[in-house]
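Participant: The residues making up each chain are set out below.
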Amino acid sequence: MSRALAAALLLAALPAAAAQTPAPPPAATAPATPALERLAQAVATDVRAMKPEAPVALHLSGGAPELRRAFGTLLASRLASAGLAPVVLEAPSPEAAESLAREQGARALVRLGLSVEAGELRARGDAFGTWVNFWSGRTATRAPSPAAAIAQAVEADAAALALAAVEPPRTPTPAPEEPRPLRLLGAVLARLPSPPAALAAGDLDGDGKDEVAVLTAHAVHVFTAEGNLLTERSLDVLPPGSAPTREPFGALAILSGPPRLAAWSTRFAHGEMLTLENGALRGVSRLEAVPLGPDARGAFVPGQTAFAPEVRLGHGEQRLAVTSRFTTFSAAHSRVLLVHPEGSASFFSQPSVAPVPLSGLGAGSALGDLDGDGTPELLTTSPELQPSPDVLRVFKTDGSETTSHEPLWQGPLPSGRALYVVTANLDGDKRREVVVGLTKPDGTGELFLLRQGAP
Amino acid sequence: MTLRHALASLLLLGAPSTLAAGRIPYGGELRVAHTGPAEPGEPALADSPLEATLLGLLSRPACHLAPDGHLSPALARELSRPAPQVVRLTLPSPAQATALARAWVRLASNEAPSPYRALLFPLRGEGRMLSPTGDTLELPLGFPWPDMERALCHPALAPPRSVPAALGPFSATSANTVDARLAWSQGRPYLDRVRLQATDERGLSRLWSNQEAQVALGVQTDAGTPSGAALYATYLAWSPRRVPPDFRQAVESALDREDLTRLFVRGPAVPMPNLLPPALLPVSPGARPTPPPAPRTGRKVTLVYDAGNEDQRAVAERLQVRLHDRGYAVALERLPRAELRTRWARGEYELMLHSLLLPPVPGPALAVVLDAAGRKDLLGVELPRIGALADAAARDTRARERALALAPSVPMLPLYAQGLALRAVPEVGGLVFDAQGLPMLDGTWLQPAVTGVPGARR
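Protein chains in written order, with our numbering: chain G, 1 to 455; chain S, 1001 to 1458.
There is no bait here: all hints are sound.
Quick list of the computed label-pair ranges, beta carbon to beta carbon:
{"no.": "1", "chain 1": "G", "residue 1": "Thr275", "chain 2": "S", "residue 2": "Arg1193", "range": "43 to 53 Å"}
{"no.": "2", "chain 1": "G", "residue 1": "Gly257", "chain 2": "S", "residue 2": "Pro1082", "range": "42 to 52 Å"}
{"no.": "3", "chain 1": "S", "residue 1": "Pro1164", "chain 2": "G", "residue 2": "Arg319", "range": "40 to 50 Å"}
If you want the footprint, here are the derived chain S segments under chain G, 3+ residues with CB under 8 Å:
{"no.": "4", "region": "1021-1027"}
{"no.": "5", "region": "1187-1196"}
Rather than coming from a laboratory, the hints here were simulated on the basis of the structure.
Heads up, the beta-carbon is just placed ideally off N, CA and C, and yes, glycines get one too.
Next comes chain S alone, as it looks inside the complex (with noise of 0.2 Å):
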């Protein structure tokens, strides 16, 4: 036998169309079609599962943390605990330190108030004094906070994707095009290119059709539709000296929560009766309906939602009916996200519609709900006691105990929890949602052309 002989056994054994010799082949342009915006905003406000995904295209926080839990840098090299109340970043060059702290310090100041500040608030001055030295930043702790690297993965703590220093695994090479970025320290995504399309429902649905997109992001959920943690939690929240003490009496008997996620809400979407996401402080059954205070007419309130958010609409309005039984008027004012927010820093509203991200984390979750709900002066107390706990489950566990125990005593109602559910081609392989609920573009691949399985999809 010869050597070619011999060696052609090799190629009887091949199916060349479909093999990569184990590897994850890299290359392509990965189309997709989603419903958010064409160009997100910053991160602070960029907080729907779809809006953080495509921002997450382009600037990363400083870490990320896996649905198992482990976490792994992101836009930081590394992170690390020289002492057992500092925390240290070390960023790729000066420049992405500097980025980072203004971004934080923005965060913290009245200059863009967002609750994701609470993220931050066991650090020492609450991370308004934070300045860099070098391409290092370190975090000195107020108090003990285990979970503060946790909290650091949170998609609003990245750098405005306008800061040049932000980087994310893509970077824009035009309006709706991200390119592969070869220097991300993490390791250049395996797609060459992916092009976004921004449309609407409509819109998402005939270019899934017509076989236009490979990824549709932000579909209904059918079954068998992969969708990432519900964490994106709606709440009403109320200012406590403009509505009668009896209004949560009268949400309560009033909201059909089940009502909400099946007739108002799209997505994936899950009721939510205490102030975690049932992902984080599962739903415990059997709780007795509120009875309805007695009805007085006459009250009239106003109540504020995202203009950016249809699900607020449809649940506004929803609200508007039910509340009109408990005798009151409920007058509906739609506001952009940046206003919404500087209306709640600034404490001038009377009922308003908040959607948050909430982080996979119990603790540094249950800190931006109560900052949210403007109970800020509860984190000084509640914190400190859960960061005490050198155990990561008895702090999550402390956790949920408290969120439902101050759930009475906080000026908002728990409304439901949603998440992002996608379709994508059979040729896309390696979509995966991380422990956020976002999913993982820069992680997928597209796989060696399958000759004779014309476009079936799932």
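One chain only, chain G, in its complex shape (with noise of 0.2 Å):
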């Protein structure tokens, strides 16, 4: 990610911007207030109470540096409005920078580490005077007061993990074939008023960056790679299905040439094509095939939230060898990838190939480029029924270098069932991201966007 992009993500989550701006539809949102600004005024909280006395000296270590510095920026300015005269400390380390505060005339020196974790911002640390007894001679021994840990912590969002993901400058030696460790973080990208039937994702608008369409029982949602609603359509309007389910469940494709959104809930008797135009999501024409992906089409098992064992590929009547039905799909470069009701998947290295026959995959499964290698990578969710917590695993699909069987990245995701993923290109770049939905626990959804961290 650019750091322009990530420059432009956090100024995007402050307020001052935030209020030039229309106020996002409630149905849809991230959290009103930056994550940042949520988190700097609950440390400058915790900082106040402790009454240090001016100047404080802060320092901050962990996450990328675009991160520390702009809460770094926040924290100071919170503190600052409280007539605690910050100076923020570059050091190399916290207790490097006890003596520089003292060096630097601080009378307290508040040090914290950034991390974002399991969809949280956290901040961790400690507070403490900086005093030093005349009587104790060489030795820096500390007052009794203040002193305090902090640890606070909020939800993180799409503004923070941008700045969390902010890779260093790359060094001028060229070293473009060295694989980069794959690490996602994580943050809530936006949150949904019913749980999601279907994922995907595509540029929409052909602003070279990938919107995510969320199909809902009874609407489809657009949201901007930022997490803003774009725009929704109900889907109300459709004849009612012969045969609903239980669960909200259907199937979304963003079709290409040009861009069109095609959408179907197994509330409704059919589908509907739909194109963004001015904003707004049009109703184009009907669906009689279930979209699976761009190029794939198939049949819902009525009644049930599983796809009948038939897919067609591309404009022609090309099929897939597939034997069972199967509650995911997912292609990507050239692979197909059909996950079945017990957790065995069928991956298709191509389409003309026979099956690999896979197990132990969640519903929640995908195929993408995280790394930008050009190979998609398999991302999957557990496959137990009731998993607590679920888990996104990614693995090879393909592999030359050195023989592993554990996954590429393994992590916690949200309280929530997690049946859908999908990755989209968000910011421009060779590596896709990750996108979750979850439906939670009180019956609304959320999705969680994961992306590539700062090593």
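From the two separate chains plus the hints, produce the assembled complex.
Facilitator: This is how it looks when you write it as structure tokens:
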């Protein structure tokens, strides 16, 4: 991700900038106050509570430099408003910051480590007075007060994630082939008024970045790369289906040339082809085949959250050799993945060759090139019916280097059932981001974004 | 590393015997044993929690209330308010609209009198003049009644299962088997089939212990036995013209509700000192015992009770003993429930035990109780005052206050409230109760078989 994009996201997150843009609809929005603002406020409250003497030095460690700088700026602003005359220190370690703070005449030091973990933006550390008793001599003894431990966390958002994901500048020596370890950081991208029934990502407006489309039981929502609701369209004008499913289920695909959105919820008798015009979705035609992907069509198993074992590819009648029903379809770089209800899967390296049988996959599975090497990775959630917590795992689908049976990356997901996963190009680079559709315990939905973090 | 090797790592991470790829599995047959009748009657009479559960497999009311109060359509595709004083139901077809209207008109008429007609009292004409237009049923209200939709979710307002247009999540394929209905508007159940077995208490224990039933409905409660909200309320009603004025005092002084729920009533039951069950009106402690009136002998009364309700028989016999000490010679008469309701409607009784499945909303529940107590005249006074409050919590509070205030003036004493308890084997998933306290069998599923864990039961 470029620094410019990170800065743009940060600016978009600031209240002043937000105030100039129209308020997004309440149905599907991220938290109103940016995560960095909320965390800075919480930490500033903690620091003020210990009643330190000004000036107060700040030292931040962990996370990407951009994240540290942005948080330092906001926290310093809060502390300055409280009359604590903050000074942000650049020191190689928290230990070194103590002597540096004394050298610069600070009367208190706040040392914090920043991280984005499990969808939370966290600040943890301590704060203490730097005053040294004259009678201690050369030994820098600590004063009894002020002293406090600080541990605050807020739900991360896309802006915080963008800052946390900023790469450090590359060294001039070219090392393009050096594999970079996969490390995903997650944050809430958007909230949904009802659980997702299908996800898709693609560039609907031609700006070079993907939009994220979400099908719920009765509507289609389209979100920008920043998680703002671009538009939504109710499907209730469609006739009711003859065999709906108890849980929201359907199919959604973004088709190219020109960009169109094909949506079909099992609540309705047929699907609808939509286009994005002037920021709104407009129905253009009726769908008779279930859109499994941009170039794949299938059919529902009546009344069940599954697709019938029939997949037609492309414009012709090429059929995929599928023998049993499946709950998930994903295709990337001419590879196809089908996940079956009992947690097994069929992986086609080419549509024309026999599939490789897999097991242990969750319904939230997708193929997508996360590391930008031109080969899609396989992403999958937990295969259990009710995992706690659900875990997203990333596997290679091809490899020539070392033999490894471990996933490239795995990490826990927020609470809820993660039944939908899609990859998207949200920032225009080669590496795709991951969007997970969660059904929350309270009956709402959530889009959870995972993107490459700084190493 | 080959593609196959790279992907083989996935194989190591799964435990295939318990996997479902995160999605609820479909299929299977659920064996349910119960102590209810083999064929429940019409909705207004099949009003015990167990009968309402069985009936709900085949015929559902317009809507459904979740425990958190969320209302969702059931038989109706949609409930809306095109105007503040009009509730509009959109049914799957004109046949359902007609069936629902007929069922409600019958309930409100003298053809099949039922205290559940009070749920329709806020409708203009009390629901006697409903006529659908196509698949739409418009319900004009006689006065503001924001709880109308929630009241319409009551199981007694479902069409009778004998009507061809009745719809539920299952359809009957034989006397004791129901199959998932693919076209059920809220989505077909996960199970393919439910096999029902009616039995008595001993049979229920035997079927459960022999692992011949996966779900046992209507069991006695032990610690940890799941049970629904106790909204099946039983009252002692009397005809004021046929018993002495101090009868209430005599019964109150003779009555020990704790005693009834502990020794005479089976299943989960709680004493009910107020007109509304504790689930709707929390019991305030410290009620003073009523002093007994001066005993006089020679007063003969007849207590009629429901022949299909074993708990009522036990309670009637207990009341017979207790009232004897207060100078009442109580004759017991058991009647079929339909006959009991007819007697109630005509006022032809001296004492009557009344069991009612109250809606989980205080306002509509109070309406049913007042009508059952023979004070239908109060509905036109009390309900508009409750319905005038826009805030749901305020309406609930007002209904509770009125229940307390009106209790001394209605010829009916609350006795106890019951819920439905069940046992289920661990592989039955998704078994939850709705706001009415009824288990939602259409939402259950059978977990994938777990190998090596022989049938531990909860």
